[in-house]
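Enquirer: So you can see what is in the structure, the chains are spelled out below.
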Amino acid sequence: MDFSLNEDQELFRKFVRKYLNDQEQTKVARDYIAGNVEAVKQAITGVNELGCMMVNIPDDYDGMGLGKLDLVPIMEEFGRTLMPGVFLETSAFAVPIINQFATTEQKQQYLSEVASGEKAFTIAWLEPSRSYTEKGIQLEAILEQEQFTLNGMKTQVADVAFAQYLIVPVRVNGEVSIIVVDKETPGLTITAQKGFDETRQLSSIYFDNVTVPISALIGPLGDGWGILQEGLLSYNAAVSSVCVGAMEKIIEVASEYACIREQFGQAIGRYQAIKHRLADMKLSLETARSLSYYANWALETTSEDRVEAICSARIFATQAFVEIAAHNIQIHGGIGFTEEIDCHLFVKRSRFYENYLGTQAQYYDQAISALGWDAATKAKEHENLLIS
Amino acid sequence: MDFSLNEDQELFRKFVRKYLNDQEQTKVARDYIAGNVEAVKQAITGVNELGCMMVNIPDDYDGMGLGKLDLVPIMEEFGRTLMPGVFLETSAFAVPIINQFATTEQKQQYLSEVASGEKAFTIAWLEPSRSYTEKGIQLEAILEQEQFTLNGMKTQVADVAFAQYLIVPVRVNGEVSIIVVDKETPGLTITAQKGFDETRQLSSIYFDNVTVPISALIGPLGDGWGILQEGLLSYNAAVSSVCVGAMEKIIEVASEYACIREQFGQAIGRYQAIKHRLADMKLSLETARSLSYYANWALETTSEDRVEAICSARIFATQAFVEIAAHNIQIHGGIGFTEEIDCHLFVKRSRFYENYLGTQAQYYDQAISALGWDAATKAKEHENLLIS
Amino acid sequence: MDFSYTAQEEQFRQELRTWLEENLPEGWLASQQLPSEEAELGQFLRKWQKTLADSRWAAIAWPEKHGGRNATLMEEIIYHQEMVRVKAPPLVNYVGLHMVGPTLMQIGTPEQQEKYIPKILTGEEVWCQGYSEPNAGSDLAAVQTTAVKKGDKWVINGQKIWTSFAHFADRCFLVARTSKGEKKHHGITCFLLDMNQPGVEVRPIIQMNGEHDFNEVYLTDAVAYDSEIIGQVDDGWRVTIALLMHERTGIGAQVFSLEQQFAELVNVAQTVTEDDQPLIAKPEVRKRLLDLYMNQRGSLLNYYRNLTKQLKVGHPGVEGSMDKLFVSEMTKKLFSEAISIQGHAGMLWEEDAVQDQGYWQKNYLYSFGQTIGGGTSEIQKNTIAERILGLPKDVGR
Amino acid sequence: MDFSYTAQEEQFRQELRTWLEENLPEGWLASQQLPSEEAELGQFLRKWQKTLADSRWAAIAWPEKHGGRNATLMEEIIYHQEMVRVKAPPLVNYVGLHMVGPTLMQIGTPEQQEKYIPKILTGEEVWCQGYSEPNAGSDLAAVQTTAVKKGDKWVINGQKIWTSFAHFADRCFLVARTSKGEKKHHGITCFLLDMNQPGVEVRPIIQMNGEHDFNEVYLTDAVAYDSEIIGQVDDGWRVTIALLMHERTGIGAQVFSLEQQFAELVNVAQTVTEDDQPLIAKPEVRKRLLDLYMNQRGSLLNYYRNLTKQLKVGHPGVEGSMDKLFVSEMTKKLFSEAISIQGHAGMLWEEDAVQDQGYWQKNYLYSFGQTIGGGTSEIQKNTIAERILGLPKDVGR
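Protein chains in written order, with my numbering: chain V, 1 to 388; chain W, 389 to 776; chain Y, 777 to 1173; chain X, 1174 to 1570.
Honestly, the hints are just simulated from the structure, not real lab data.
Errors might be hidden in some of the hints.
Dumping the calculated SDA-like pairs for lysine to any residue here, alpha-carbon to alpha-carbon at most 20 Å [said to hold, decoys possible]:
1. W:Lys582 / X:Ile1512
2. X:Lys1292 / X:Glu1195
3. X:Lys1455 / V:Asp182
4. X:Lys1566 / V:Glu252
5. X:Lys1566 / W:Ala655
6. Y:Lys1058 / V:Asn173
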């Protein structure tokens, strides 16, 4: 029995934390808000130099060949500082599906480029239908003469500025397939969208007869929905870690503030309204952490219960993050309501993850289904059908 | 604008409260638990002498000819003391449907008997299917030669000891009808069931070729489901008042206890964990009260929004009662966990109402439907159907 | 029980409604667009208040001699309802009209009344309220701003915070410490401070939704005169409280706003689609909306019940703390749900939002202030527990 | 990260499992029916403990010389898992085995060890714990029971409450005040009191579920001797705390029980029907179950994480307060949901219940004690906030 990160993982965490502390933590996120993309790119370069992007890339493609659990401390640290960028989209979505479904040539290209920190991915999924369902994928790709021609629109694509490639779910002959598109391909137009969470820059992407070689197809034609589901498992395990890191930071800051801020001659942390709220927050944090560790372990070991474990971690952690970020403002009082201190940045990010790459309700359904509770019902319904 | 009970209603409340205080409040309920049914009957006789059962019966049938709102203070007072009996079933279910749907002869008989305090009603609805849906009503009544013959079983019928008549939803020729059955009719067997809330005695009732004259049919044949729905509106408006009374009493007792019980040299009411919980409880109570007043007003005035108003009051008040009764135990600590003091009686009663005569989920659906949110969806679905 | 309005009340409503239709800023009903530039906004708001005042719609509860209508409580309620209905522009001189003016009428000297009241009504002089300080938030009596008598002047130093509309204000109802009393709420004095002087510096506070409603006010040797003291020196705590007591309709305006916002949210759920289905087609959305419905109805009905009591006893009761707690928490909840039900599309902002130019997103962020300003939810709970349920005083007090 | 057990641990598990299959009371696996008559129950439980002790399964963490197995922490964990799996009968001498015994080994005199320990193991002498008093619940140090030295005797007067199994107990680990110290936790002394004497009266407390686990103990000139003092006179607070520290597996047994109860609840939802449909066919039931699932998994995994830490540092951490808080609140929640999902059928009791002889109803009521006994949830939150997050001490302490 050993339910903890190992020493190497904790050591890696220390490096990342030290580096991000040197970057003055949320200052990078604030640079991004201020439009200083170059400063952010520099900070990301530093992160890459630590090897963060190499972690889960196989040795053969210049990576470290480590697993999902090794990403956990990194993701937590990114969460602590609300680090801008497409780490999640790249390391926890693109890399795993490429690793699992792509050809050797594709791996050679994409994974090596990621490992070197040269290039990164983001995900162009949502369309004007605004839904993460299979039906919501309508962007049409016509396959002729070894190339796809894409026409349509994607929306709310995150942080294209830091990504070279887009993972684009498309519809080919009525079925979903996954294509990697270079953002500089002719015919592709990127338009910035105003976003709620200013630490994530959203864009609409218009595809006007964008042609892509068939070599950009990931996995077999028509298997796209299944591939996305695999990508989501990795992503959701990782995003739960990001949320854990963010909550950890919030609770540190809020506890500290509760010790120094006085009203009615007492540190506010002495009032049980504040004190017990913080205790509840801490319990939620540690529960989210346990669930997220386990989710990543289940993913790494392809444990039988990995789907329900990952959905649980995702639902619990994102929900707890939303609540804790909100409590943090109340604990801070008026000052927490200003742009000046970081409280609001955490609130905004928490809401960003809430329904990003799938709604909470969808994950409830997925977990219920994975636990066989649907099946039991269906079996029973079927039985009734036979009887009546 | 006057959103309050009037002086007469508040005066009636005083009489009832004085009487129930003289009965030592929950002592009547405890007598019932101890099996002392006679003592309870005596207390009920006293209540009847105050005129409680006459309130909403028309003058023509020896009643006071008052409305739904006049029942509110009485129901609240019954809630405060967890008064055993079938007041709700009689005054807030049987009387309204008889008043609305019965023949003059039926009214003459049943309503006069209720007004005089001579006889009362309870409701024999649930069957082994355990559901309050229309489908759940399967007890068969065969109509031949001006009489019904009933065969089947009802379960969890409340407090038959205090009722002479049963409101029995049955199925005649496949459709639901409502029949009044005297509990002393031959062929009818009443078997006590062990219950969770010992202040309500449950029974199974077996119908073995029970014959009832056609004059016991309430409303037209086959209209039973609609009649039940009307009965439920009255019942639910009233039960929300019962819950309000119970919560009011709990909060009085808990506040008092929080002022006198000391730990760590302080009255526990000085700790915000207790203090803020009580404030939250008080807010829930007053909200439940507002919703229940309005529900009864909407019922009395057949206001357009009466269905959603009554469902809201019912859902909110029963749920708040469950939560507040539970908090009460935690505030009392260990002593609240014993049979000795009343905390547990309120917990048990709160759970009794939770899904009595319809589940919370059913009332959610009913309110949603009444608000037209279903219709909007269905219209939209229909529209889509037309388009596709 | 009676939810109807008298014929006179209905006539009042109709008169106001007609007047609003004729006098709201051009195009207001269609878009409710306020000028984004601050100076322009100030002008716009002053002009709106002047328009109201000219027709005696600015301070209806004031006596007729001061330009009011001597309105009944129910007329004030109707006023709020109608203003919410058209989402009327905010009153730039809200503090003057609802707090300072009535306080002056109650305890100001005849000279003060004559000097200040007319300009409050027209918006010629906009007022702000100088109560909160960095270390005196919930604990209002802990004010540290000092006023020291030097010759015929009072010299004032300190810092105020959360001062709404200070950037438009000409005068400030300022609470300062003039002596160190035995208890901390002794030795406080209230000043009617001129904001247009060198010793007063106003710095904006930018809220988390990017807007600017509040300010810090730095006082560095600012000056006030004896004639600018309201009430007695060192006896300002009572004046401070008196000012807060003049809001006889409590949080009525927010209650009615919440009612309207809920209706609009249902509309969002019925019109915004996901996969060509309205959001309300999802069972969990309907469930969330019903929970909001019950609570929104509850907050409105609680308010009516407290109002009924107030109509009978003649003054607002401590139950107002329940109204404040509930409506502020519910407002937060409503806007939070508005974000959730939109799915990831709820992350779009302003003109890129799928609905109402991002109204829901912006107000979600703004709503965090509701459970802090005007007494935090924690303070409201203390009040409810202590003053309604009779529990003992909190630690530290 | 590694959730596997070593071969040795698996072997330990297998040995215990086999032993249980062979030695559980007859018919136990089928029905877990305890005798309802109290004297009979006492006999039954003593017999069960004797059976365990005879095979060295009563106190596995004890040294071999005292009849234990010198078990590792992981073996204790496995022990709990296996006991929960078969829903083994309770240990009538739990207090003796897990608290008094280890405390005696740590600080008892050789005579005390010799006199008491063997009989604890076999259940020949059942112990109870005399800590709580009517006015000393959460505030344990406020004990008022007095012990006064008269000649060679200590004369003890006072009242204890919440004393589990006192109605079966032969001895009591009693906390009494022997002098008035400067602070309230000074002047306390711990006695090994003989329960079988005229000055001790045990009165049952009937719980809200109708059962009898707890008692009041009235002490009227009860007598103890110097030889029955453990630790030093007036220095009992440390002994008091030491006793509570011997539970090295924390709330492990409850965590594993919760896991099992959740699985059983899913089974209820899958087998109990309404209108011929299993309850789990209702979307809201599935949603409730998933919420429980996440939290139940969370409580188990939190426990494993804290256990991992304990395995590394060698002693339990303050994180145990989080485990206690979570698992007790979750247990309440689980049984409450079990009532809800049954609909009105959840109001049936014992043999009339639709499932498990009313197990769910009875345990729902019992679960209210979980967030009170062993430190209320409020106390746990104070501990978490103060000792883990570093917040200041509560008022009054």
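Enquirer: Hints first: check each against the structure and report whether it holds.
Expert: Here's how the hints hold up against the structure:
no. : hint                  : in the structure
1   : W:Lys582 / X:Ile1512  : holds, 15 Å
2   : X:Lys1292 / X:Glu1195 : violated, 24 Å
3   : X:Lys1455 / V:Asp182  : violated, 46 Å
4   : X:Lys1566 / V:Glu252  : holds, 18 Å
5   : X:Lys1566 / W:Ala655  : holds, 17 Å
6   : Y:Lys1058 / V:Asn173  : violated, 29 Å
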